[in-house]
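Undergrad: Work out the full structure, taking the sequences as your base and the hints as a guide.
Chains A and B are the protein sequences, given in the same order. Residue 127 in the numbering used here sits at position 127 of the first sequence, and the numbers go up by one each step. Residue 188 in the numbering used here sits at position 188 of the second sequence, and the numbers go up by one each step.
These aren't lab readings, by the way, just hints derived from the structure by calculation. A portion of the hints provided could be inaccurate.
Identical chains blur together in the list; that is why a pair holds if it fits in one copy or across any two.
[Claimed, not checked] Keeping only pairs whose Cα atoms sit at most 27 Å apart, straight-line, the calculated DSSO-like set for lysine-lysine is:
#, residue 1, residue 2
1, Lys129, Lys63
2, Lys111, Lys183
3, Lys193, Lys71
4, Lys9, Lys111
5, Lys183, Lys110
2 protein chains.
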Amino acid sequence: MKAVIPYKKAGAKSRLSPVLSLEEREEFVELMLSQVIESLEEAGIEKIDVLSPSGYGLEGMTKARVLLDEKDLNEALNRYLEEAEEPVLIVMADLPLLSSDHIKGITSTKKDVCIVPGKGGGTNALFIKNPSSYRVRYYGSSFLTHCSIATAAGQNFEIYDSFLAGTDIDEPEDLVELMIHGKGPARDYITRKFRLEVSRGRVGLVPL
Amino acid sequence: MKAVIPYKKAGAKSRLSPVLSLEEREEFVELMLSQVIESLEEAGIEKIDVLSPSGYGLEGMTKARVLLDEKDLNEALNRYLEEAEEPVLIVMADLPLLSSDHIKGITSTKKDVCIVPGKGGGTNALFIKNPSSYRVRYYGSSFLTHCSIATAAGQNFEIYDSFLAGTDIDEPEDLVELMIHGKGPARDYITRKFRLEVSRGRVGLVPL
Numbered sequence: 001m002k003a004v005i006p007y008k009k010a011g012a013k014s015r016l017s018p019v020l021s022l023e024e025r026e027e028f029v030e031l032m033l034s035q036v037i038e039s040l041e042e043a044g045i046e047k048i049d050v051l052s053p054s055g056y057g058l059e060g061m062t063k064a065r066v067l068l069d070e071k072d073l074n075e076a077l078n079r080y081l082e083e084a085e086e087p088v089l090i091v092m093a094d095l096p097l098l099s100s101d102h103i104k105g106i107t108s109t110k111k112d113v114c115i116v117p118g119k120g121g122g123t124n125a126l127f128i129k130n131p132s133s134y135r136v137r138y139y140g141s142s143f144l145t146h147c148s149i150a151t152a153a154g155q156n157f158e159i160y161d162s163f164l165a166g167t168d169i170d171e172p173e174d175l176v177e178l179m180i181h182g183k184g185p186a187r188d189y190i191t192r193k194f195r196l197e198v199s200r201g202r203v204g205l206v207p208l
Numbered sequence: 001m002k003a004v005i006p007y008k009k010a011g012a013k014s015r016l017s018p019v020l021s022l023e024e025r026e027e028f029v030e031l032m033l034s035q036v037i038e039s040l041e042e043a044g045i046e047k048i049d050v051l052s053p054s055g056y057g058l059e060g061m062t063k064a065r066v067l068l069d070e071k072d073l074n075e076a077l078n079r080y081l082e083e084a085e086e087p088v089l090i091v092m093a094d095l096p097l098l099s100s101d102h103i104k105g106i107t108s109t110k111k112d113v114c115i116v117p118g119k120g121g122g123t124n125a126l127f128i129k130n131p132s133s134y135r136v137r138y139y140g141s142s143f144l145t146h147c148s149i150a151t152a153a154g155q156n157f158e159i160y161d162s163f164l165a166g167t168d169i170d171e172p173e174d175l176v177e178l179m180i181h182g183k184g185p186a187r188d189y190i191t192r193k194f195r196l197e198v199s200r201g202r203v204g205l206v207p208l
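TA: Right, dumping it as C-alpha cells:
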C-alpha cells in the first residue's frame, strides 16, 4: 500500500484570502501537509508520495517522496494510479483533523474502494485496492462521481462517515472546526490569529 | 432509555430564509422531524418525546409524546433531565442524515455521555446515561461546553465522529449535503426545489 498527497503551495487556498494573506496561506498549507504526513506515518504507511505541479515549498521535504507532474490534478493522479502496482490511498493535504485512526479505518475497508466524503460534495480521501481498475475525477461533486466510477468499474465501495476526516479546510468557517476539534501546529497557527465568537447560531472567527 | 427531540415549527429555520419561504421552512422542518422520529423507532427506541414551546404543528402527532414547555431550550431540557429516571438521548430535529445505525452507535457508548458534534461548534445529539448528573447548555459553542460540563460533573464521555450525524440543516449550504447524502421525504422536498451546481470548489444550490 502507498499513499499519495496532491499538493500545491503556490497561491494555495484562495478561498481563505478574506482572512489570511498569501504568505499566511502558504505557511498554513505547509503545516497542514506536515500533519497529514505525520498521521499517515503514525498509521504505519511507509511509502508516502507528495504529488505537486512544482517543487515550490517542497525543497526540504524528507518525510515523503516528491513527485513533480505539471499536468492537472486528475491527469496526474490517474497517471499515478495507472503505474501503481499496489493499493493506493489518495489523501488531500488540507485535512488537519484526519488522524492515524481514521487512516487505519479507511484502509482496512473490506470493499474494493473506500470513499471519504468532504464538505460540499467533495472527496477528502479515496482508498483504491485495484488502482488499474479505477480513475479519479476531482472537482465539482466528486463524491458522487467517485461513487459512480466505482460502480461502473465493477468495484464495490464503502463510504467512510467521519466528521473530522470530512472537514477539509477551504473556507474561513472551516477554520472554526480546526480551532474547536483540532490539535497540532496547523491549529496552533490559526489560534494565534483568531478567536472564536458566537454569531447567528454557529461559531465564527474574529481576528486577534 | 428514552429520547427527546426539541422542536419548534413556528418561524423555524430563519437562516434558510434566503432560499425558502416561511411556509416552506415550516413544511420542511416537519418532514425532518418525521425522519428523526422514524430513525429513533428503527433503532428500537420506544419512548420518544417531542419537547416544544407550543403545540403548533404537533396537533396530529401520534408517533411521539408531545411535551409542552414554554421555557427556553436549556431550561426545558434541564427540567426534563432532572425528572428523567433513565438514560436520555437528546437529538435535534434537523438531522435528516441521522440513521438508526448512528443512533445505535451513539447509545451503545461505553462512556457516561456520548456527544455528537455538529457544524460550527454545535451539539447535534447528546446521550446521557445519568441525567441527574448532567445539565445542558445549548447555543454558542455548545460542543465544547458539553464536553466541559461532562468533565466537571465527573462523567466521562465519547465524541461520536460522523459526517452524516454531524450535518445539522441550518444554512443553504447544508441543503447541499442533504441532496448529496440524504434520502427520504426531507431530501425529496428539497430536490423538487433546487438542483446542484458547482461553483467555487464546493457544490451550491440553484432554484429549479
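Undergrad: Compare the structure with each hint and give your call.
TA: Structure-based check of each hint:
Proximity of Lys129 and Lys63 under a CA criterion of 27 Å is satisfied intra-copy only: 24 Å inside one chain copy versus 45 Å between copies. Proximity of Lys111 to Lys183 under the C-alpha cut-off of 27 Å is restricted to the inter-copy arrangement: shortest distance 23 Å between copies versus 31 Å within a copy. When the C-alpha separation of Lys193 and Lys71 is checked against a cutoff of 27 Å, the pair qualifies neither within a copy, at 35 Å, nor between copies, at 38 Å. Taking CA atoms no more than 27 Å apart as the test, Lys9 paired with Lys111 passes in neither setting, with 33 Å inside one copy and 42 Å between copies.
Taking identical chains as interchangeable, the C-alpha atoms of Lys183 and Lys110 lie at most 27 Å apart only when they sit on different chains, with a minimum of 25 Å there against 30 Å within one chain.
The structure shown violates the earlier hints numbered 3 and 4.
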